[in-house]
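**Student:** Sequences and hints are given; from them, build the entire structure.
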Amino acid sequence: MGVLKERGGQVTIFIIIAVIIIGIALSIYLLVPRAETEAVFDATNPAGFMQTCLEKEIESTVETISSQGGSIVPVNYILYQDNKIEYLCYTAEWYETCVVQQPLLKRHIESEIRDDIQEEVETCFANLQENYRDDSYTVNLETGKTVVELLPKRIVTRFENYVLTVSKGETSRHDSFNVILNNNLYELSSIATSIIDWEATYGDAETTIYMTYYPDLKVEKLKQTDGSTIYILTDRNDGNKFQFASRSVAWPPGYAESVINET
Amino acid sequence: MKLEKKYLLIASFVLVLGIAIILFTNSLNVAAVGEAVSCCEKAVNGAFCQNSPPAECDSNFRIAPTSCESTSYCKQGTCFDSQEGTCLEGTPQLVCQDNGGVWDERDADELPQCQLGCCYIGDGAAFVTQTRCKKLASDFGLETNFRTDIKSEAQCIASAFPKEKGACVFEQEFQRTCKLLTRAECFDLEATSPAANVEFHEGFLCSAETLATNCGPTEKTTCSETGEVYFTDSCGNLANIYDAAKIDDKEYWSEIEEKSESCNPDANNANSPTCGNCNYLLGSLCKEFERGNPQTTVKPQFGDFICADLSCEYKGKTVEHGETFCADSPGSEDNLPGSEYFRGVCYNSEITIEPCAGFRQEVCVEDDIDGFSVAACRVNRWQDCVAQDKKADCENKDKRDCVWNENVESLLSDENGKLLIVNEEGKLVPADGKEDRESGASCLPKYAPGLEFWKSGRAEEACAIAEGNCIVKYKRNLFLTAFQWDCVENCECLEDEWGDLRNRMCVALGDCGSGKNYVGREGFNKIEDAITITKLGENKSEG
Numbered sequence: 000m001g002v003l004k005e006r007g008g009q010v011t012i013f014i015i016i017a018v019i020i021i022g023i024a025l026s027i028y029l030l031v032p033r034a035e036t037e038a039v040f041d042a043t044n045p046a047g048f049m050q051t052c053l054e055k056e057i058e059s060t061v062e063t064i065s066s067q068g069g070s071i072v073p074v075n076y077i078l079y080q081d082n083k084i085e086y087l088c089y090t091a092e093w094y095e096t097c098v099v100q101q102p103l104l105k106r107h108i109e110s111e112i113r114d115d116i117q118e119e120v121e122t123c124f125a126n127l128q129e130n131y132r133d134d135s136y137t138v139n140l141e142t143g144k145t146v147v148e149l150l151p152k153r154i155v156t157r158f159e160n161y162v163l164t165v166s167k168g169e170t171s172r173h174d175s176f177n178v179i180l181n182n183n184l185y186e187l188s189s190i191a192t193s194i195i196d197w198e199a200t201y202g203d204a205e206t207t208i209y210m211t212y213y214p215d216l217k218v219e220k221l222k223q224t225d226g227s228t229i230y231i232l233t234d235r236n237d238g239n240k241f242q243f244a245s246r247s248v249a250w251p252p253g254y255a256e257s258v259i260n261e262t
Numbered sequence: 000m001k002l003e004k005k006y007l008l009i010a011s012f013v014l015v016l017g018i019a020i021i022l023f024t025n026s027l028n029v030a031a032v033g034e035a036v037s038c039c040e041k042a043v044n045g046a047f048c049q050n051s052p053p054a055e056c057d058s059n060f061r062i063a064p065t066s067c068e069s070t071s072y073c074k075q076g077t078c079f080d081s082q083e084g085t086c087l088e089g090t091p092q093l094v095c096q097d098n099g100g101v102w103d104e105r106d107a108d109e110l111p112q113c114q115l116g117c118c119y120i121g122d123g124a125a126f127v128t129q130t131r132c133k134k135l136a137s138d139f140g141l142e143t144n145f146r147t148d149i150k151s152e153a154q155c156i157a158s159a160f161p162k163e164k165g166a167c168v169f170e171q172e173f174q175r176t177c178k179l180l181t182r183a184e185c186f187d188l189e190a191t192s193p194a195a196n197v198e199f200h201e202g203f204l205c206s207a208e209t210l211a212t213n214c215g216p217t218e219k220t221t222c223s224e225t226g227e228v229y230f231t232d233s234c235g236n237l238a239n240i241y242d243a244a245k246i247d248d249k250e251y252w253s254e255i256e257e258k259s260e261s262c263n264p265d266a267n268n269a270n271s272p273t274c275g276n277c278n279y280l281l282g283s284l285c286k287e288f289e290r291g292n293p294q295t296t297v298k299p300q301f302g303d304f305i306c307a308d309l310s311c312e313y314k315g316k317t318v319e320h321g322e323t324f325c326a327d328s329p330g331s332e333d334n335l336p337g338s339e340y341f342r343g344v345c346y347n348s349e350i351t352i353e354p355c356a357g358f359r360q361e362v363c364v365e366d367d368i369d370g371f372s373v374a375a376c377r378v379n380r381w382q383d384c385v386a387q388d389k390k391a392d393c394e395n396k397d398k399r400d401c402v403w404n405e406n407v408e409s410l411l412s413d414e415n416g417k418l419l420i421v422n423e424e425g426k427l428v429p430a431d432g433k434e435d436r437e438s439g440a441s442c443l444p445k446y447a448p449g450l451e452f453w454k455s456g457r458a459e460e461a462c463a464i465a466e467g468n469c470i471v472k473y474k475r476n477l478f479l480t481a482f483q484w485d486c487v488e489n490c491e492c493l494e495d496e497w498g499d500l501r502n503r504m505c506v507a508l509g510d511c512g513s514g515k516n517y518v519g520r521e522g523f524n525k526i527e528d529a530i531t532i533t534k535l536g537e538n539k540s541e542g
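First to last, the protein sequences are chains X and L. Going by numbering that gives the first Met the number 0, the first residue of the first sequence is number 0, and it counts up by one from there. Going by numbering that gives the first Met the number 0, the first residue of the second sequence is number 0, and it counts up by one from there.
It should be emphasised that the hints constitute simulated quantities derived from the structure, not laboratory data. Since this is a predicted model, take the numbers as computed values, not measurements. It is possible that some hints are incorrect.
Said to hold, decoys possible - Not close to chain L: a few residues of chain X, all C-beta gaps over 12 Å, as computed:
| # | residue |
| --- | --- |
| 1 | Val18 |
| 2 | Leu140 |
| 3 | Gly143 |
| 4 | Asp174 |
| 5 | Asn181 |
| 6 | Asn239 |
Stated by the list, open to error - Calculated lysine to aspartate or glutamate pairs in the EDC-like style (CA-CA distance at most 20 Å, straight line):
| # | chain 1 | residue 1 | chain 2 | residue 2 |
| --- | --- | --- | --- | --- |
| 7 | L | Lys74 | X | Glu95 |
| 8 | L | Lys245 | L | Asp265 |
| 9 | L | Lys133 | X | Glu148 |
| 10 | L | Lys134 | X | Glu186 |
| 11 | X | Lys152 | L | Glu142 |
| 12 | X | Lys152 | L | Glu224 |
From the three backbone atoms N, C-alpha and C, an ideal C-beta is built for every residue, glycine too.
**Tutor:** Next up, the structure:
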């Protein structure tokens with residue numbers, strides 16, 4: 000009986016210790032911030048370094064732009080769920096169709112992404128050079144321009160005329176730097192342009208047409224009390240979203256002046 | 000409500016009814032009439048080319064004391080994107096040019112660069128401009144063909160035919176193998192890979208026994224790009240549409256069969272364990288079978304893929320994929336203050352709810368076509384109801400959404416303020432004095448609109464349309480006691496029903512009157528609060 004009791008006490012202690020260990024492990028897992036993926040330097044693959052270095056930044060920029068109607072800093076916007084959503088077609092008047100505010104949406108988005116990541120591009124190239132120098136390379140970088148292009152199912156960031164020459168005994172020249180992000184912003188911005196066309200012409204757009212044509216697309220239309228409409232386009236496969244606002248053929252609440260006067 | 004006992008010595012009373020005039024406002028709705036409007040190149044809120052009062056214009060940009068259509072810089076036209084080949088109408092000149100577009104005041108269909116044609120790209124077609132067609136070719140890395148003789152999108156899409164595919168047989172690593180490709184892709188293979196002795200067999204599947212390749216039938220399936228379940232052969236190529244009955248049919252594994260010739264082509268085959276001929280428009284799409292997923296409730300007889308059921312569930316009812324319906328919304332049946340209309344949309348097993356315009360400026364209408372429900376938010380045309388003085392005009396459904404109410408006091412009066420009554424033709428005419436005040440009629444909104452009653456201003460005026468006076472006359476009864484007065488005119492105004500009737504008219508006008516809001520909460524004012532009783536005086540000569 001005494002042996003059994005002793006064993007029971009040991010088991011309890013083991014359980015308590017196990018619970019404490021699991022608790023500590025969980026606390027470490029949950030509380031200690033995990034290190035972000037850092038660009039790994041490989042002297043033979045500078046393009047890979049740039050891809051890793053910029054990928055997160057481009058992803059974050061694209062996410063911001065997509066939730067704000069294509070602009071990093073929306074100017075004429077409506078606040079929806081704490082998001083500033085840019086009007087791509089707008090009229091302040093009642094009963095009137097809207098005036099297109101962003102006729103070349105794809106080009107606008109490309110330039111917004113380019114401008115927003117430019118600083119990070121320079122930082123990444125500087126880090127790349129730094130890494131080479133740390134490895135006793137002689138480095139020379141000729142800078143060019145950053146070009147962002149929305150393409151089907153991807154966003155390509157090219158660094159045109161950027162030439163990196165590194166030498167350590169022998170010299171190698173690298174001039175092809177591309178960062179590719181898988182994203183459907185090309186498709187979603189095309190749908191957005193079509194909706195703007197409808198809004199500017201008819202004052203409204205029918206969402207079911209788009210969902211009938213594109214099985215992977217979800218279109219939400221949310222009318223606001225001030226006459227604005229928020230459109231949310233979502234790719235059902237990967238959850239990529241693009242949301243924007245329009246204000247077209249808005250109806251004022253209440254009676255028109257003429258009716259009140261007449262009665 | 001026997002008020003006469005209280006006021007026996009008074010010759011007449013006035014009951015002033017002001018139901019629902021206290022509660023509401025409407026300041027936001029319409030810009031003041033006659034307010035000067037200018038064309039702002041840029042408004043202070045950042046919007047370009049807005050017709051706004053000058054105070055709302057950004058002073059760093061041009062302001063013209065005219066409408067934007069009359070200015071050169073904000074005139075609307077078509078913006079052509081020469082890189083993308085797209086044309087967008089309704090774009091102001093400066094917005095287009097500032098963004099790098101080419102602007103023209105003509106409509107898109109008048110511009111040569113905006114002329115649409117049929118662009119064949121890969122297996123598909125798009126009705127776009129020629130520049131757009133070239134851009135698509137570059138974006139997708141495919142060859143295109145542009146035809147200007149096709150004049151409509153439907154004709155263009157119908158004329159697209161997928162390039163005929165077939166078995167591309169070749170030798171690789173001492174094996175006779177096969178890929179399902181188009182003729183061009185097949186011969187490209189010879190140039191771009193170590194494949195040798197390439198042969199193309201149009202219309203044949205790689206699993207065809209006669210081709211003697213290492214690809215054979217399997218029990219595996221996969222989803223095609225077009226959304227059907229397909230058999231795959233042992234080399235991973237698509238075969239024909241999954242049909243469990245034909246898994247051992249050598250012929251079915253030999254030649255390509257059209258979708259229309261495969262199993263149950265006219266049904267959606269949702270959750271069919273034996274047929275993978277899915278149809279997105281009819282409500283099914285190829286998906287991997289997943290236990291517990293309501294879209295895939297049946298395990299396929301072979302393989303892991305099935306035609307998923309895309310219908311939705313809404314409040315215990317099944318809604319078919321593609322159906323739209325008017326969603327439930329508290330208070331909308333009676334158009335109570337705060338209520339709105341909503342449209343529900345079922346696509347891909349997901350319901351999305353779209354609010355119609357606020358303040359019940361749009362209502363949801365629903366109909367069904369052969370059992371398929373279709374709904375839409377459409378404009379609530381209530382604005383001129385109260386101004387109608389003819390039954391026929393009031394009930395003209397092509398023009399307005401109103402209801403003609405007879406046996407009520409008219410809201411309209413003639414130019415002298417005289418009561419109007421309905422004649423036999425259903426028209427309001429001045430009363431000749433004999434008719435009682437309930438011989439009138441009023442045209443009221445079918446769907447009472449919402450008002451911004453919490454703001455001071457115009458809602459009060461709107462509700463005051465239903466305001467009315469009822470002068471009740473009493474006469475001393477000489478045969479009874481000296482203090483007895485009998486009601487002789489407009490006595491009905493002393494009854495509760497009269498107040499209720501007036502309140503119903505108020506409520507029908509909009510967010511007016513006394514009653515509950517959309518969550519069932521009673522308003523602050525009761526009907527009695529809206530009735531004011533005033534003693535006018537005594538005329539002894541009438542005694």
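**Student:** Non-interface claim for valine 18 of chain X: all C-beta distances to chain L beyond 12 Å?
**Tutor:** holds, 33 Å
**Student:** Just double-check asparagine 239 of chain X for me: nearest Cβ-Cβ distance to chain L has to come out over 12 Å.
**Tutor:** holds, 16 Å
**Student:** For the pair supplied as a hint, lysine 152 of chain X and glutamate 142 of chain L, is the alpha-carbon distance within the 20 Å limit?
**Tutor:** holds, 19 Å
**Student:** Would you check whether the claim that asparagine 181 of chain X is not at the interface survives, using Cβ distances to chain L and the 12 Å cut-off?
**Tutor:** Fine: 15 Å to the nearest Cβ keeps asparagine 181 of chain X off the interface.
**Student:** Per the stated criterion, does the least C-beta distance between leucine 140 of chain X and chain L lie above 12 Å, as a non-interface residue requires?
**Tutor:** holds, 29 Å
**Student:** Could you grab the alpha-carbon distance between lysine 74 of chain L and glutamate 95 of chain X and see if it respects the 20 Å cut-off?
**Tutor:** holds, 15 Å
**Student:** For a C-alpha distance cap of 20 Å, please report whether lysine 152 of chain X and glutamate 224 of chain L respect it.
**Tutor:** The given pair, whose Cα atoms are some 15 Å apart, holds under the 20 Å limit.
**Student:** Next pair to validate is lysine 134 of chain L with glutamate 186 of chain X; report whether the Cα-Cα distance is within 20 Å.
**Tutor:** holds, 14 Å
**Student:** Looking at glycine 143 of chain X again, its CB stays over 12 Å from all of chain L?
**Tutor:** holds, 20 Å
**Student:** Mind checking the alpha carbons of lysine 245 of chain L and aspartate 265 of chain L for me, to see if they're no more than 20 Å apart?
**Tutor:** This hinted pair holds, its Cα atoms lying about 19 Å apart.
**Student:** Under the criterion that the straight-line Cα-Cα distance not exceed 20 Å, is the pair lysine 133 of chain L, glutamate 148 of chain X satisfied?
**Tutor:** Given that 20 Å is the threshold and the Cα spacing comes to 16 Å, the pair holds.
**Student:** Does the claim that aspartate 174 of chain X lies outside the interface with chain L hold up, using a Cβ gap greater than 12 Å?
**Tutor:** Its Cβ never comes within 12 Å of chain L, the nearest being 22 Å, so this holds.
The structure shown violates none of the earlier numbered hints.
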